[in-house]
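Asks: Now for the letters of each chain:
2 protein chains.
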Amino acid sequence: MSLPNHFEVVGRDGEARTGLLTAPHGVVRTPAFMPVGTQGAMKGLQWCEIRDAGADIVLGNTYHLMLRPGAERIAELGGLQRFTTWDGPMLTDSGGFQVMSLAQLRKVKEHGVTFRSHIDGTAIELTPERAIEVQRLLGSDIAMQLDECVRLPAEHGDIERAMQLSLRWAERSKRAFEGAPAGHMLFGIIQGGDDPELRRASARALAGIGFHGYAIGGLAVGEPQAVMLAIIEETVPSMPTDRPRYLMGVGTPDDLVGAVARGIDMFDCVMPTRNGRHGMAFTRFGQINLRNARHADDPRPLDEESSWPATRGYSRAYLHHLVRSGETLGAMLLSGINVAYYQSLMQGMRAAIADGTFQQFRERTLEGWSRGDLAAR
Amino acid sequence: MSLPNHFEVVGRDGEARTGLLTAPHGVVRTPAFMPVGTQGAMKGLQWCEIRDAGADIVLGNTYHLMLRPGAERIAELGGLQRFTTWDGPMLTDSGGFQVMSLAQLRKVKEHGVTFRSHIDGTAIELTPERAIEVQRLLGSDIAMQLDECVRLPAEHGDIERAMQLSLRWAERSKRAFEGAPAGHMLFGIIQGGDDPELRRASARALAGIGFHGYAIGGLAVGEPQAVMLAIIEETVPSMPTDRPRYLMGVGTPDDLVGAVARGIDMFDCVMPTRNGRHGMAFTRFGQINLRNARHADDPRPLDEESSWPATRGYSRAYLHHLVRSGETLGAMLLSGINVAYYQSLMQGMRAAIADGTFQQFRERTLEGWSRGDLAAR
Chain A
3 MSLPNHFEVV
13 GRDGEARTGL
23 LTAPHGVVRT
33 PAFMPVGTQG
43 AMKGLQWCEI
53 RDAGADIVLG
63 NTYHLMLRPG
73 AERIAELGGL
83 QRFTTWDGPM
93 LTDSGGFQVM
103 SLAQLRKVKE
113 HGVTFRSHID
123 GTAIELTPER
133 AIEVQRLLGS
143 DIAMQLDECV
153 RLPAEHGDIE
163 RAMQLSLRWA
173 ERSKRAFEGA
183 PAGHMLFGII
193 QGGDDPELRR
203 ASARALAGIG
213 FHGYAIGGLA
223 VGEPQAVMLA
233 IIEETVPSMP
243 TDRPRYLMGV
253 GTPDDLVGAV
263 ARGIDMFDCV
273 MPTRNGRHGM
283 AFTRFGQINL
293 RNARHADDPR
303 PLDEESSWPA
313 TRGYSRAYLH
323 HLVRSGETLG
333 AMLLSGINVA
343 YYQSLMQGMR
353 AAIADGTFQQ
363 FRERTLEGWS
373 RGDLAAR
Chain B
3 MSLPNHFEVV
13 GRDGEARTGL
23 LTAPHGVVRT
33 PAFMPVGTQG
43 AMKGLQWCEI
53 RDAGADIVLG
63 NTYHLMLRPG
73 AERIAELGGL
83 QRFTTWDGPM
93 LTDSGGFQVM
103 SLAQLRKVKE
113 HGVTFRSHID
123 GTAIELTPER
133 AIEVQRLLGS
143 DIAMQLDECV
153 RLPAEHGDIE
163 RAMQLSLRWA
173 ERSKRAFEGA
183 PAGHMLFGII
193 QGGDDPELRR
203 ASARALAGIG
213 FHGYAIGGLA
223 VGEPQAVMLA
233 IIEETVPSMP
243 TDRPRYLMGV
253 GTPDDLVGAV
263 ARGIDMFDCV
273 MPTRNGRHGM
283 AFTRFGQINL
293 RNARHADDPR
303 PLDEESSWPA
313 TRGYSRAYLH
323 HLVRSGETLG
333 AMLLSGINVA
343 YYQSLMQGMR
353 AAIADGTFQQ
363 FRERTLEGWS
373 RGDLAAR
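So the sequences go chain by chain: A and B.
Just so we're aligned, residue 3 is where the first sequence starts under the numbering used here, counting upward by one.
Just so we're aligned, residue 3 is where the second sequence starts under the numbering used here, counting upward by one.
Accuracy of the hints is not assured; some may be wrong.
To spell it out: a stretch of chain A is covered by chain B in this simulated footprint if at least three of its residues, at any positions, have a beta carbon under 8 Å from a beta carbon of chain B; those stretches are [as the list claims (entries may be wrong)]:
{"no.": "1", "stretch": "67–80"}
{"no.": "2", "stretch": "85–94"}
{"no.": "3", "stretch": "313–321"}
{"no.": "4", "stretch": "331–344"}
Rather than coming from a laboratory, the hints here were simulated on the basis of the structure.
Note that this is a predicted model, so its numbers are computed, not measured.
Positions of the beta carbon are idealized from the N, C-alpha and C atoms, including for glycine.
So here's chain A without its partners, still in its complex pose (with noise of 0.2 Å):
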């Protein structure tokens, strides 16, 4: 059965599309890239840098929220935009990734998965039906279907039985999701590893099923770059042109703008937030390591035409001593830095989109990537 159509592509460059996409919450405008608030909060900043950033979306995790505070008490509390002052679409993942590579004595069966929290040893059976159930109490506008994901390089059977599981539970997931307050949006999510043929079945199984938006899950799971876009290039066929396509846990800006190019609408990943806690820095010069001596006496800031403050406002020997001493607020300034690098390259993809220009945006970008770094002064 079709579900209601949530999703309008406004602009076209090539495969590249902008579009529209109507949740609850808001609007969002893709492509958009959703930074990762893992257990209800994202690492290092607050709420309002977000929104200042420019996010229109955020993804939330499942199984942490489920884990602890727990669904029932953030549905109890009026759910998880109230909960954390949040006031945007928020996407939920269905929980099965972070179980797959968190918890413990986890056993993956036909009725679902069957593990014990990595905080305190509790045995868990996380369902489709549950998935859904608890993004329901969690409120989000966007639920994930329970998946699951194969951790490539993996034997072809094995790619196999999991997408086929994972199309079962995508059956589930769509029933368990009946009743659910109108606009709100439940994703499909297609498996098949690195085979190609496993991923075009997959994904027509999917649209077949009928799902809001349709997400392409198990890549960036320790594959190169080139399979990745490979299997993104194989797959984009066999996906609806009217939904939304989403790129679970991706990735490097780079990534990004190549998957954006073979049709891609969203994002998630934690790099930005997780590389600024490691001293790292992304800008249009690339990614610049704020701990390598030489930015130790360099009064520039990192990119002074930026529009982020602390991206121009603070120059790299402050930043450097910050992430050499250990400094949180080091931290901080980083992921606002990350985050809203990302933000601006998907904007300046949307704008460049619906210009008719993504070529050109493109390559002035990868070439001040590669061009690198100011030279040391």
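Take the given structure of chain A and dock chain B to it, following the hints.
Replies: Relative to chain A, chain B alone:
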């Protein structure tokens, strides 16, 4: 020789007083609380938040900054204000206190103190002259003399020896400060442990040397609050009335009110940020431990009447969740909440002293703290 006076007492109520201290980077309203930016940064706070919270002046730690990134480097980068972007007044300590508490293999001699850096083991000598030189390189508005601080309880002989040494270092500090740019200030530090006679002798001798202001050092080093307040009471009458009086390293909100009532004008302490990092909030209801399970389901803010956005805008349940999850945002929000509460307390005292209602303000404030937090729901 008398130094120019940049302090004006504009109101008195009993021993309490309110005034204005004019520093090169701005005017400090007293009684003033200085948040501590140990290594050139406030832990968990952006500089704009310090300003928004109402702080006129902050403290930087000379010991940390001389080791990393180095005073000469900060001078080359335009001084501490330009380096950090904090453009208001800044006081720096002499480095002596941290040498005593952090450095290794320290030896106090007449000439100065030798020690090894806790970061890389480098052998360093800090003399009264070098302490002043470092602070002038940093460009702080207010420099402190090098002193020797003895942890209490201590033998009378040790206390007296350290006090006399601190006086000789005070004279050398003052000589070293000659030629400092106009408007920059040097404070002497009264020592003498818990001996009122030594405290008075130290205060009188320092007044004879002549400083821009006078600090009481060597308190809040392990003695009960009653001992501290008694020493303040014994010491203040020997301090010049027209100069600012600074109680170093103090303290709890209750300490601040008690000390202001005894004529103190300035304070610094890491408590608001350190306790914030440990899940503690200071409010008009006293100190609140957000880690406590009673907050887990409580949708109420810490204080709905607070003028600080985070104090009234986040639920206790959310703050509890952040603290329990170890999310940086919890430390960030609580540090801001606490710094803002300290500043609102100072503002309340300043206004009450000016109005002649300090005693009522004090009683009302203590009553609020002793009534304790809101009843659990």
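Asks: Give a verdict on every hint.
Replies: How the hints compare with the structure:
1. Three residues within the 8 Å Cβ limit are the bar, and the stretch 67–80 of chain A against chain B gives 6, so the coverage statement holds.
2. Counting residues of the stretch 85–94 of chain A whose beta carbon lies closer than 8 Å to any beta carbon of chain B gives 3, which meets the minimum of three for the stated coverage.
3. Closer than 8 Å: that is the beta-carbon criterion, and the stretch 313–321 of chain A has 5 residues meeting it against chain B, so the requirement of 3 holds.
4. With 5 residues having a Cβ less than 8 Å from any Cβ of chain B, the stretch 331–344 of chain A passes the three-residue criterion, so the hint holds.
In this structure, none of the earlier numbered hints is contradicted; all agree with it.
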